[in-house]
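Add chains Y, W and B with the ligands to chain R, keeping to what the hints say.
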Amino acid sequence: MTALRSVPVASPERSVQALLPRAAAIPTQYLSPDGNLTEQGRGAPIDDALMTTMFRDMYLGRRLDQQALNLQRQGELGLWLMSLGQEASQVGSIRALRDTDYVFPSYREHVAGLCRGLTPTQLLSQWRGVVHAGWDWEATRFHFYSLVLGSQTLHATGYAIGLKHDGVDDVVLTYVGDGATSQGDVNEALNWAAVNDAPIVFFCQNNNWAISTPNRAQYRGALHRRATGFGLRSYIVDGNDALAVHDVTQAAVSHARNGGGPVFIEADTYRMAGHSTSDDPRRYREDAETEVWKARDPITRLELYLRASGVDDDYFSEVRAEGDDLAESVRKACLQLEEPVLTDLFSKVYAEQHPVMDLQHAEHLRFLSTLEAAQ
Amino acid sequence: MTALRSVPVASPERSVQALLPRAAAIPTQYLSPDGNLTEQGRGAPIDDALMTTMFRDMYLGRRLDQQALNLQRQGELGLWLMSLGQEASQVGSIRALRDTDYVFPSYREHVAGLCRGLTPTQLLSQWRGVVHAGWDWEATRFHFYSLVLGSQTLHATGYAIGLKHDGVDDVVLTYVGDGATSQGDVNEALNWAAVNDAPIVFFCQNNNWAISTPNRAQYRGALHRRATGFGLRSYIVDGNDALAVHDVTQAAVSHARNGGGPVFIEADTYRMAGHSTSDDPRRYREDAETEVWKARDPITRLELYLRASGVDDDYFSEVRAEGDDLAESVRKACLQLEEPVLTDLFSKVYAEQHPVMDLQHAEHLRFLSTLEAAQ
Amino acid sequence: MTQMTMGKALNEGLRAAMQADDKVVVLGEDIGALGGVFRITEGLQDQFGPQRVVDTPLAESGIVGTAIGLAMRGYRPVCEIQFDGFVYPGFDQIVSQLAKMRARSGGRLAMPVVIRIPCGGGIGAVEHHSESNEAYFAHTAGLRVVSCATPEDAFHMIQQAVLSDDPVVFFEPKRRYWDKGDVADTPSLDLHSARVVRAGADVTLVAHGPSVKVAEQAASFAASDGVDVQVVDLRSVSPLDTTTLHACARSTGRVVVVHEASTFLGIGAEVAASVTEHCFRDLQAPVLRVGAYDLPYPPSKAEDDFLPGVDRVLDALERSLSY
Amino acid sequence: MTQMTMGKALNEGLRAAMQADDKVVVLGEDIGALGGVFRITEGLQDQFGPQRVVDTPLAESGIVGTAIGLAMRGYRPVCEIQFDGFVYPGFDQIVSQLAKMRARSGGRLAMPVVIRIPCGGGIGAVEHHSESNEAYFAHTAGLRVVSCATPEDAFHMIQQAVLSDDPVVFFEPKRRYWDKGDVADTPSLDLHSARVVRAGADVTLVAHGPSVKVAEQAASFAASDGVDVQVVDLRSVSPLDTTTLHACARSTGRVVVVHEASTFLGIGAEVAASVTEHCFRDLQAPVLRVGAYDLPYPPSKAEDDFLPGVDRVLDALERSLSY
Ligand SMILES: Cc1ncc(C[n+]2csc(CCOP(=O)(O)OP(=O)(O)O)c2C)c(N)n1
Ligand SMILES: Cc1ncc(C[n+]2csc(CCOP(=O)(O)OP(=O)(O)O)c2C)c(N)n1
Ligand SMILES: [Mg+2]
Ligand SMILES: [Mg+2]
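Just so you know, the sequences run in chain order R, Y, W and B.
Using the working numbering, the first residue of the first sequence is number 1, and each one after it goes up by one.
Using the working numbering, the first residue of the second sequence is number 1, and each one after it goes up by one.
Using the working numbering, the first residue of the third sequence is number 1, and each one after it goes up by one.
Using the working numbering, the first residue of the fourth sequence is number 1, and each one after it goes up by one.
Isolated chain R, as found in the complex (with noise of 0.2 Å):
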């Protein structure tokens, strides 16, 4: 044994080479919050039309949003989950797919949801509780929400590698919240979609709370380096910044198109209302904070930007116009929504035969005549 070297163990934390989890990237940005182009978005593409089309968006979902809320103080609505603050976020992910693109929403995507064309009264079905899938997903290729968080991620990603197999050249998109991907859901959904190199794009608002839990409760590290870690191509963004929200979404739908594999996209946002209609966000966080955010509003910085480039009144006005329309015709919509009834359910749930189905279909019926005939 004497022959054995007996060096004095050295601190381990210099012998060995540790790799240390990297802080964030800085989120790319185009538009400053007072409107003005950065360094970046000076090097950027931009394109008038979608410009204006962006703002459109984004004001008519902010509109339906209020409008929402209004009917759900009245009692029009069970609840709402509000946009507010995110609307960059939403439009400029979804401007940036083709319309045959699949869209696996999570339940916040209301503004997104508009741009496929929903009407907003579809948008207010689920949550006024007369349907759980208020749409023609198949005609706006913007599949019904998902309240179980992320579950929605594993469907998607399962679409992305059926549109690969069928040799299509579509994209799947879906979104998720920053508190969804602590679910185990989420993360097996990455790793799986890496493996698959399916086409698909995961696009997370990052609004920065998960009902009240903060970020720092909710995960270490960032969120688009988690994605780098399961092989994911990944990018972060000022999700408030409609511009470059659109153009590093482009970026991510083109790798994916491409057949480059998935890709993370981390939109850094805030949820500027409450988590619900439910919920009172000063229970848990400063009114401070939401301060500073108002001053990154992704609206007022488009219209800043706009007005800087020329685009006059008329545009403001129109666009106002037709958010008044929105919101008087979705409160009727609403009020004329036609509500279920159960009898017609007990077809819905199997396509085929169903010999325990029918005998309830049967006793309930019976039941009800007993209540008729009791009257």
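Calculated directly from the structure, the hints in this document are not laboratory data.
Glycine is no exception: its CB is placed at the ideal position from the N, C-alpha and C atoms.
Errors might be hidden in some of the hints.
[To be verified] Mimicking DSSO-like on lysine-lysine, the simulated pairs with C-alpha atoms at most 27 Å apart in a straight line are: (1) W:Lys301 - W:Lys213; (2) B:Lys301 - Y:Lys332; (3) W:Lys213 - R:Lys348; (4) Y:Lys348 - B:Lys23.
[As the list claims (entries may be wrong)] Far from chain W, some chain R residues (derived; all Cβ distances over 12 Å): (5) Glu291; (6) Val292; (7) Ile299; (8) Arg307; (9) Arg366.
[As the list claims (entries may be wrong)] Computed, partial: chain Y to chain R, Cβ under 7 Å: (10) Ser182; (11) Val195; (12) Arg226; (13) Thr228; (14) Gly231.
Just chains Y, W and B with the ligands now, kept in the frame of chain R:
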């Protein structure tokens, strides 16, 4: 509108900053496969006594494996999962812990278990079908196995958080396989540990296969990179080099113990045998691959090193004799393991009174008595 | 004896449990500063600190899995699942790990973990927010499953659940959170006993959780028609208090069981099977079940017809009596 | 008509389904080159390629969740869960997503997904490898749950399951994989019908999956004692073929139901409740249940006493007859 700049859309690839998955780092290696110190190794701390201890641990572990295999082939065990080839990963890591540090194994950590003082027979008992948990986990600080892949990583994380709350400076080490990293639970655990700065080391024996599934079908990027993305400190080490594994684990453990937060270690190793005694690896992998890894055998490697360092034959014959004893005695003890009796189990499900269980127990006893009466 | 809502009773019960034993920790999504979406943990973080009242990452498997680890370390975790429909991502940890741990360990390892689940419908919620999934857990050996129907039971049962060395899935009927009731200082029953809520000689009506109130209302209506309905609140869904249940069934010879869960393999099936097996000769009519129909929970505007309400219960009572 | 084992019948059934429709894809852990741990998918990857026979990452939620996405894209995925005890990590995707999708979509979105689960005990396996968890799925509205008991049914039922536009949880009794039997070229029953396996006038014995053989053995023993036992193989656990079930119960007036799952809230509870409700006046004795005891699956050396075997069934038949 005319004032808007109309720049042609540049290639998005050039206009945004993409984070690309980085390739795996190079594993830390102190001993080359032929038993020589590498350059890294020459700067490393070497403890003579530890080297011979670890050789003995690995050797005895392999003897247990072989004897268990024999017993299974003779019908005395229902199943056995060999550690063949992974001895350095297990011994190097477990020997870097204090006795009070708590270990959550997966199901293949027999060699580590021996180091913690588990008897070979205790290790066999579960696979003979006489118990689910064959040893005193509190005394050995080595938890019973978890067969639902990855589930133990969350228990380990919770336990580690408990340690931290208690102000104890023990750490937790949990073993996990490459395949298991695809499970949602493991990713939730990484995140949870990071958020809580939990004193835990995730030790991943990346043996390149999950039954028949090779790494390339399991994940992309590299597992230690994924952990980095979750905000963990992470290491990659040559898992067939006990010396390097020990030193890296020591670094990790001391980081975790000193409040630095969770650590992930990826040990690059190989499952030399089939997945289990029920598995035939020739159905899915080339013998040539196994041959490559044979040349990297962890036990041979350390033996070569020790011999070159002057450890004499006496030492090796002693260890061999010990191995013979182990093999002999475990065979005897295995055949004598007491079998479970169903009637005993009714009282082991609940701590407190349970009328339905009592009814069933009584019913079972009644049934047994009718059987006896019939005889 | 004080008056309070069920929500407040749960809050006070948790507070008392935490005061009594500093190994009791509470974990879940948004239970800290917010006090939980139903405010059941309101004020607890202020009082006991963020180490004992923990806002977790958003992952139910993580909540239950780390609670198991904490229990192994000697803690007594109480997990909050935000809504019934979100317990499934944690199903493996509950069913394979939490439930089986003691048996797997040969009876040595205790798992004093409580999983609180606000359950059931009737509040006009969107999908996944109105489910009654107690049968999944009741079918799982190793778990205890209970449900409170009154503020009094809420206050005492949550404390008894925390004191239990067995894992307890604790269902809280969310639409009763705002109902007020008297709360006595000491519990009158243990965690596993059924309670005869109303004496009656003609027919036994068995319910638990949110349906107890429905059963009592139905019994009142029936009384005005001269029918004397006995109402039993199961309280413990697993184990069933078969002694009480069978005695009640024998006393009237007619049993109707009502619950919000799907009828097929709902707890009503077990009640029917058990009562029939043990009280066959005393039964005048088959046990009748009034559960939700076997549809996924419908859009909320249809929930009143979907949930077993007073009229469906009265209809079943009538069918039982006229059998 | 050919003779083959149940394992082979499943393999051939899958092959036929894949040949008939190239939208059928098979996914799971180790099902490619290895052919699955039970070799049920042996040779399929060679024949249909790695795009249709997919070795997935090791994650059950991922398997089911991506299968749902594939189904939305027009595929008909067949998922293999490696062992019964490993389906729980995928529980949310099965119960909240797969099961509810059609109803959520207002009846518009079909979910032709099959989840194959090798189930049950009796093979001396370690923990989590011998479970019978059909009741969880049977309690879930939106799913169909079936189990094959013979090679013939295995061959045809797997094809019928693949053809179904509804999600089907397909239980394969693993200890019967090696049993041989005749397989006719065309199916004699649809996926949802029970089968009277043996005629009998004295008592009806109801079973499914691995317990059908136990029931038949018990019936043979009973026959030698002069008792004429009718044996019914449920085949479909959800929906139950109540027509056949009730008719059989009425014909003998005595019913015993046997299954490997826990007794409490096992499918026997539903059989008992349903038969009692609909055939009360015809019953001479209460429906008796012979299930596994409500313990987590014991170490395998105790499984013979744990599982409902022939002796326990005979005991129950006797109790029923002498009631
Ligand atoms: C599996 C699951 N658990 C819990 C919930 C309850 N819940 C609804 S939204 C929410 C927070 C989501 O946060 P995030 O993912 O950041 O999305 P955001 O609401 O901020 O858009 C929670 C906890 C749920 N819907 N699903
Ligand atoms: C949740 C779950 N799914 C499936 C299995 C079946 N199974 C047992 S071991 C194994 C492969 C594990 O591979 P890995 O994690 O790399 O560990 P190794 O066996 O290589 O040590 C599989 C699929 C399981 N035990 N648990
Ligand atoms: Mg958020
Ligand atoms: Mg492996």
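For each hint, the structure was consulted:
| no. | hint | result |
| --- | --- | --- |
| 1 | W:Lys301 - W:Lys213 | 21 Å, holds |
| 2 | B:Lys301 - Y:Lys332 | 18 Å, holds |
| 3 | W:Lys213 - R:Lys348 | 31 Å, violated |
| 4 | Y:Lys348 - B:Lys23 | 49 Å, violated |
| 5 | Glu291 | 19 Å, holds |
| 6 | Val292 | 19 Å, holds |
| 7 | Ile299 | 27 Å, holds |
| 8 | Arg307 | 39 Å, holds |
| 9 | Arg366 | 9 Å, violated |
| 10 | Ser182 | 6 Å, holds |
| 11 | Val195 | 6 Å, holds |
| 12 | Arg226 | 4 Å, holds |
| 13 | Thr228 | 5 Å, holds |
| 14 | Gly231 | 3 Å, holds |
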